[in-house]
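> Residues per chain, in single letters:
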Amino acid sequence: MNVETAPALSDPDLAASDLDDLGLGREDYRTLYHTMRLQREFEERVYRLFRQGRLVGAAYAGAGHEAIAAGSAYALGDADILVPMHRVIGAHFLRGHTARDMMCQYLGRANGPTAGKDGNMHCGDWDHHIVGMISHLGANIPVAAGVALASKIRGGGAVSLTYIGEGGSSIGDFHEGLNFAAVHSLPMVLIVENNKFAYSTPTRFEYACEHIVDRARGYGVEGALVDGTDVRAVYKATRDAVDLAREGGGPTLIEARCTRLLGHAQHDDAFYVPKDIMEDGWNNDPVTKAESLLLERKYFTREEIDGIQEEVKGIVDDAVDYAEQSPLPEPEEALQGVYAD
Amino acid sequence: MPPVTYLEAISSGLREEMERDESVFCLGEDIGVYGGAFKITKGFLDDFGEDRVIDAPVAESVIIGAAMGAALMGMRPVAEMQFADFITCGFNQLVNNVAKTHYRWGAAVPLVVRCPSGAIGNAGPFHSQNPEAWFCKVPGLKVVAPATTYDAKGLLKSSIRDNNPVLYFEHKGLYRFPRIREEIPEEDYTVPIGEAAVRREGGDATIVTYGKMVFHSLDAAETLAGEGVETEVLDLRSLLPYDKQAILESVRKTNRLLVVHEDTLTGGFGGEIAAVVAEEAFEHLDAPVRRLAAIDTPVPFSPPLEQYFLPNTEKVTTALRELLAY
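If you read the protein sequences in the order shown, they are chains A and B.
Residue 0 is where the first sequence starts when you use numbering that gives the first Met the number 0, and the numbers rise one by one after that.
Residue 0 is where the second sequence starts when you use numbering that gives the first Met the number 0, and the numbers rise one by one after that.
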């Protein structure tokens with residue numbers, strides 16, 4: 000989708016035309032919905048553990064971003080590389096991190112993906128082709144470009160998929176990484192999760208162009224503006240971008256618009272978000288929207304949807320039990336792993 | 000094989016590693032058709048092609064960040080900073096991303112960042128610096144600074160073969176330094192990271208130094224040898240990790256220590272050496288540890304200012320005399 004032809008988000012034809020023909024079957028929709036539901040359930044539990052004093056460290060959630068997480072990562076193949084951010088835990092789940100893995104990670108356990116060396120969403124895992132994020136948002140856009148560079152040099156067609164908030168899109172690494180990927184026509188997809196607030200700062204203090212995707216033309220890359228609360232729209236845009244990248248067509252900048260339904264992190268009640276924005280956000284809750292779609296299209300019955308919700312709750316219950324019973328690292332483990340052998 | 004320069008040794012070391020291992024590639028500004036600002040990669044583009052000799056935009060953060068991404072994929076990138084001074088633009092990638100990745104989630108990041116460093120005459124505050132100390136307090140990085148032609152090649156090969164990120168500081172003043180032109184082995188060899196080398200043996204005082212200051216130190220030692228004083232000159236070669244045992248052994252033998260570096264004094268790597276000697280060899284010292292370094296200012300441009308700024312043979316000689324006179 001070219002920038003010039005990017006439809007307005009309110010375009011009712013978007014859902015009606017392209018999206019009915021995604022080639023997704025019942026099992027695909029089950030996986031997508033299950034992933035979104037699991038993200039919501041998992042992160043609600045993380046918040047609750049925080050309030051109960053059972054969590055280690057801070058709690059972040061991607062409430063409102065679930066369709067972006069699931070829809071984008073579902074467009075990847077096994078050999079592709081995910082370079083995620085903190086609001087797309089669903090993408091971790093799709094790449095193979097289990098709820099047990101991620102809860103152990105949140106609780107600083109020895110058997111988590113970082114063995115307690117780092118917390119919450121800061122975990123990579125090369126077995127699952129996941130690069131670990133760092134707190135310096137945007138820093139991994141150059142890394143994703145490098146992953147794509149190696150893929151291009153070596154062949155094999157692997158694509159890197161990475162993310163940034165509209166907040167992080169202001170940092171220099173956004174420019175350096177996307178420009179480098181554009182110059183070398185690298186197989187990279189960059190999704191800007193535009194949730195309207197960088198912590199507390201509204202978009203009018205973040206950028207002056209109308210849409211962040213407007214920048215695509217400036218970099219000479221493809222651009223797509225999608226409704227980030229519609230899992231099918233995110234999936235389609237990402238799949239198109241991944242296909243283009245795999246064919247040697249270079250990177251795509253996708254702006255996926257959504258609303259952050261909670262504060263920046265658990266401590267933040269988001270008092271600065273105008274009520275109408277928050278209400279609109281909850282009225283477009285991506286998880287509820289996906290559920291309505293599945294019911295309306297009769298892909299699933301109410302009972303089946305309820306069954307998925309029960310299943311997800313069980314997975315999270317189990318993850319909490321498992322993580323809380325898992326060992327903490329031995330103190331002197333702090334010395335290990337600074338250098339590779 | 001005829002004698003080669005330090006610069007030629009770096010270039011041939013890099014070339015041989017690229018021939019030996021297809022995963023090695025170069026990335027940097029003007030390294031392609033131009034062959035690099037100092038011509039380290041001259042001819043590489045023709046010989047290895049655009050996929051392995053990549054001209055990057057003027058953007059150090061993506062040069063280092065992309066090197067990290069490629070390293071995660073199993074490549075062994077050698078990134079060039081056009082001048083070591085510009086490494087600050089990639090500082091975050093190095094200290095927060097590259098350095099911490101293996102510790103955090105176990106993925107090795109085997110990359111080399113080549114950093115042409117040091118003052119070579121009136122290049123001013125932004126083309127003359129020795130920024131190594133900033134990185135010597137970053138767990139996860141390795142830092143090397145070869146002084147000799149033999150070491151330049153051997154340490155580069157070790158750096159490329161190491162499974163960790165290595166910052167390779169190559170002093171621009173050594174590139175074509177006639178005195179260190181030497182015949183080096185035709186066959187493959189490496190110099191281990193973390194081992195110092197005794198450049199001159201002596202029993203009366205120790206100079207611990209690295210990079211171009213090795214030669215000012217040797218000249219000062221030679222001057223004092225004429226006065227009957229034998230100075231040991233220890234070339235660290237690697238700063239992270241550094242050869243603590245070699246330092247302590249020498250100090251326990253000579254009982255006097257002068258640390259010399261071209262970087263500025265305060266917060267320079269010499270402070271670490273002084274501290275470790277104070278902690279672990281205090282009872283062997285006959286005099287306080289002495290540090291000689293550049294003055295604590297930016298590197299000034301105009302000749303008299305720059306000469307005032309830099310350590311040189313005369314200043315090392317004076318410091319050594321003062322140390323011995325204590």
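Since the hints were derived computationally from the structure, they do not count as laboratory data.
Note that the structure is a prediction, hence the values are computed from the model and not measured.
We put the CB at the ideal spot given by N, CA and C, even for glycine.
Heads up, a few of these hints could be off.
As the list claims (entries may be wrong) - Quick list of the computed label-pair ranges, beta carbon to beta carbon: (1) Pro330(A) with Ser301(B): 52 to 60 Å; (2) Asp29(B) with Thr30(A): 22 to 30 Å; (3) Glu278(B) with Gln335(A): 18 to 26 Å; (4) His266(A) with Pro138(B): 57 to 65 Å; (5) Asn110(A) with Pro138(B): 20 to 28 Å; (6) Gly22(A) with Val32(B): 17 to 25 Å; (7) Asp46(B) with Glu329(A): 25 to 33 Å; (8) Gly22(A) with Gly73(B): 55 to 63 Å; (9) Gly217(A) with Tyr307(B): 41 to 49 Å; (10) Ala264(A) with Pro138(B): 26 to 34 Å; (11) Gly313(A) with Glu278(B): 38 to 46 Å; (12) Gly154(A) with Glu185(B): 54 to 62 Å.
Unchecked claim - So, partial list: chain A residues that the calculated Cβ filter (under 8 Å) puts toward chain B: (13) Gly56; (14) Gly123; (15) His127; (16) Ile152; (17) Ser169; (18) Asp172; (19) Asp267; (20) Ala269; (21) Phe270; (22) Tyr271; (23) Val272; (24) Lys274; (25) Met277; (26) Asp279.
Said to hold, decoys possible - Simulated crosslink set (DMTMM-like; lysine to aspartate or glutamate; CA at most 25 Å straight-line): (27) Lys243(B) with Asp284(A); (28) Lys243(B) with Glu331(A); (29) Lys297(A) with Asp316(A).
> Would you pick out the hints that fail for this structure and give their numbers low to high?
Violated: hints 2, 4, 6, 7, 8, 11, 12, 13, 15, 17, 19, 20, 21, 22, 23, 24, 25, 26, 27 and 29.
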